[in-house]
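Chains A and B, in that order, give the protein sequences.
Under this note's numbering, the first sequence has 377 at position 342, and the numbering climbs by one with no breaks.
Under this note's numbering, the second sequence has 419 at position 384, and the numbering climbs by one with no breaks.
Honestly, the hints are just simulated from the structure, not real lab data.
Using N, Cα and C, we set each Cβ at its ideal position, and we do this for glycine too.
Be aware that one or more of the hints could be misleading.
Stated by the list, open to error - Here are the simulated SDA-like cross-link-like pairs (lysine to any residue), alpha carbons at most 25 Å apart as the crow flies:
id, chain 1, residue 1, chain 2, residue 2
1, A, K123, B, S67
2, A, K265, A, P196
3, A, K346, B, A269
4, A, K130, B, L268
5, B, K262, A, D126
6, A, K253, B, K130
7, A, K350, B, R75
8, A, K83, A, Q270
9, A, K123, B, N194
10, A, K328, A, N290
11, B, K265, A, A133
12, B, K328, B, M306
13, B, K266, A, Q68
14, A, K368, B, L268
15, B, K338, B, A317
16, B, K346, A, Q68
17, A, K350, B, Q68
18, B, K368, A, Q68
19, B, K189, B, E327
20, A, K123, B, Q270
21, B, K325, B, G342
22, B, K69, A, P52
Unchecked claim - Coverage of chain A stretches by chain B, computed from C-beta distances (three or more under 8 Å per stretch; other residues unrestricted):
id, segment
23, 37-47
24, 50-56
25, 61-72
26, 83-97
27, 128-141
28, 174-187
29, 229-241
Said to hold, decoys possible - The following residues of chain B were derived to be distant from chain A, with all beta-carbon distances above 12 Å:
id, residue
30, K39
31, S78
32, Q86
33, T87
34, T99
35, K186
36, A187
37, D260
38, P277
39, L292
40, E295
Number of protein chains: 2
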Amino acid sequence: MYEKQLLLIPGPTMVPPRVLRAMAVPPVGHRSQKFSQVVREVSQNLKKVFQTERDVYILTASGTGAMEAAVTNFINPGDKVLVLVNGKFGDRFAKINARIGAEVIRKDFELGKSADPELVKEILTEDKGQEIKAVFVQQNETATGILNNIKAIKEAMGNHPALLIVDSISGMAVADFPVDEWGADVVIAGSQKAFMLPPGLAFITLSEKAWKVNETCKNYNYYFDLKAAKKNLAQDTTPYTPATSLILGLQESLNILLEEGLENIYKKQQMFKEIVREAVQALGLELVVKDEKAASPAITAVKVPEGLVWKDLNKLMLTNFNVEIAGGQDELKGKIFRIGHIGYVQDMDLLTAIAALEMALFQLGFVKDLGRGVRVCQEVILRYKGETK
Amino acid sequence: MYEKQLLLIPGPTMVPPRVLRAMAVPPVGHRSQKFSQVVREVSQNLKKVFQTERDVYILTASGTGAMEAAVTNFINPGDKVLVLVNGKFGDRFAKINARIGAEVIRKDFELGKSADPELVKEILTEDKGQEIKAVFVQQNETATGILNNIKAIKEAMGNHPALLIVDSISGMAVADFPVDEWGADVVIAGSQKAFMLPPGLAFITLSEKAWKVNETCKNYNYYFDLKAAKKNLAQDTTPYTPATSLILGLQESLNILLEEGLENIYKKQQMFKEIVREAVQALGLELVVKDEKAASPAITAVKVPEGLVWKDLNKLMLTNFNVEIAGGQDELKGKIFRIGHIGYVQDMDLLTAIAALEMALFQLGFVKDLGRGVRVCQEVILRYKGETK
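I would like the entire structure built from these sequences, with the hints used as guidance.
Shown next, in the form of structure tokens:
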């Protein structure tokens, strides 16, 4: 029953059959008129999801490739940057910046706390020479399940000229992010999260201000050169051969997202978050992110209780109940686990996952009575869906 | 009949239904045991195709991404490199090197001529200080249909310590290239050519000598850092989320390639080359590459005859006969066209394509009698397949 497996990791996420079918076709010439029409349609629809009037460029790469593009197209060696770190992916922004020789001011936030806009305000206010060229932050930190308040961070930046560069790889189409309205300068996203596609595509959009900074940037990077992306998108194409089958899938997944409607999606994701947060607490587990407002609607991080071995839990859930969730990464390995509720997921999937978690914890002796977690899922679902007439 | 279209461009190429089916499955967790098994199997089989004992790393990117990796992991700003140029992709190697501040000695060869090993010998012999750090060359130049003699180029390098860095994106699994035996230090390939996959994956392998050079390289590139690829492949995984569905397709396409056998594939590709070269000449057209030994077994470039408008030919072939071939790129636009005979192609497809070309040229008044080109295809096919009993 491999294909029935519930894949609830924070990406790659499950993919709708409609999208699988759209990709399972003989290839298209990437410079053909037919494919240009696809690029045109997809670009228009990406703009809707990003809530932007600006172009959104498609890169054939993992999210990390887009993170690199979001650094190398704007930052020169020696430039000063502020990197807000809530976990592994914030750390990655710091590493990519350091690698090209940027001077990184790194601010780590305590596990489970979102980035503090007040601190941003403080640092930028103290930067009298206005030397800080950009502020890097995750909208949604996949590693720890944090949702940062991008609107507040932008407001905290005041009139400081630094660019606001946001990794929304696991945030876009999960939590509301009106890119233009909030004034983010560079925003990236990835295919294997809320876009319900296999990994391999990433997206990036930039403001006029970001383009101006780009002009003064000695970008050593050839493959991720956004000038080439811009020039080519004007002709409905990409600089290099793109992952054509994934783009055909994207065409379909954008249709699905827009049919559902962004508002409905954000609401649904909020319900998912409540289902999982309330249910794991009912199972006696502790959330990593205490503050509900700072908690991600894409993924919930849970502390591994004293005495429980994550690998045992993971194995039981997988082999006995066909549900795959994710562990912690790097220094959080064995300390937290993460339940993804992003992509092609519905409420009943999460109920199933919680039931599996409950049974596995029961088998391991960490839960005494069955049914409590599942009942909480039912309660939250009915809170959203109302009572039957 | 869109899905019946003969796609005979030099990539993306057609994809076998077996591979399409392998990719059209619900996603797999990229850190799961199941997927690690796939990575292990695929890595072993890639080594067979590359005829190497070394690791072959999988990158989630177009071929151009792998070209960048083949530069930035070895070359520092200020390093001297020799770039042999037979067309657009040789030019791209020069550009990527220039971009990171390498001192590029660029040698362009006349349109239709392969890279001259004697010239390489001369340049390296004159390089008394042994300052040239690497020689860059395409095994198969996709833009002009040139097959370079990598073995001869390596021999011409003699005892000079420069690395031999070969773009075999459209050469691997088309023309024989025993990577270890010939002593190429860095070799790259791409998914959308002979590997019969959609675009989105690239492959790279390197020698011990290349690893030594890598150690002294201040590689600014994060996403294409091969040290991370090496460290992760040792654990049957990749540094960042890979294009999992394409890797599942690769697993199947490698099975197909190895079932067919490399020797049989090289022989088949030689037949394809002869079919197309002899047939287009029978149609009164002129080949770009006169010397049969320098002609690519993956793609044949043909001069657009005086008075013929490429776009008209292209359009007729597409709309009337459902066959897509490729034009020239950049300064060769309108001057040459290219017939791809790579990927999921059989001899009868090429016969069909030649028939379509013949009919289109007939409609445009460039061919007087029908049947000549097709008959030549039949003759070449029977030359390979023998007579019926």
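Cross-check of the supplied hints:
no.	hint	result
1	A:K123 <-> B:S67	holds, 19 Å
2	A:K265 <-> A:P196	holds, 23 Å
3	A:K346 <-> B:A269	holds, 21 Å
4	A:K130 <-> B:L268	holds, 21 Å
5	B:K262 <-> A:D126	holds, 18 Å
6	A:K253 <-> B:K130	holds, 14 Å
7	A:K350 <-> B:R75	holds, 21 Å
8	A:K83 <-> A:Q270	holds, 20 Å
9	A:K123 <-> B:N194	violated, 45 Å
10	A:K328 <-> A:N290	violated, 29 Å
11	B:K265 <-> A:A133	holds, 21 Å
12	B:K328 <-> B:M306	holds, 13 Å
13	B:K266 <-> A:Q68	violated, 42 Å
14	A:K368 <-> B:L268	holds, 20 Å
15	B:K338 <-> B:A317	holds, 14 Å
16	B:K346 <-> A:Q68	holds, 12 Å
17	A:K350 <-> B:Q68	holds, 11 Å
18	B:K368 <-> A:Q68	holds, 16 Å
19	B:K189 <-> B:E327	holds, 21 Å
20	A:K123 <-> B:Q270	holds, 20 Å
21	B:K325 <-> B:G342	holds, 22 Å
22	B:K69 <-> A:P52	holds, 21 Å
23	37-47	holds (count 7)
24	50-56	holds (count 3)
25	61-72	holds (count 8)
26	83-97	holds (count 3)
27	128-141	holds (count 5)
28	174-187	violated (count 0)
29	229-241	holds (count 3)
30	K39	violated, 8 Å
31	S78	holds, 18 Å
32	Q86	holds, 25 Å
33	T87	holds, 24 Å
34	T99	violated, 4 Å
35	K186	holds, 28 Å
36	A187	holds, 29 Å
37	D260	violated, 9 Å
38	P277	violated, 6 Å
39	L292	holds, 17 Å
40	E295	holds, 20 Å
Violated hints, listed in ascending order, are 9, 10, 13, 28, 30, 34, 37, 38; each of the other numbered hints is respected by the structure.
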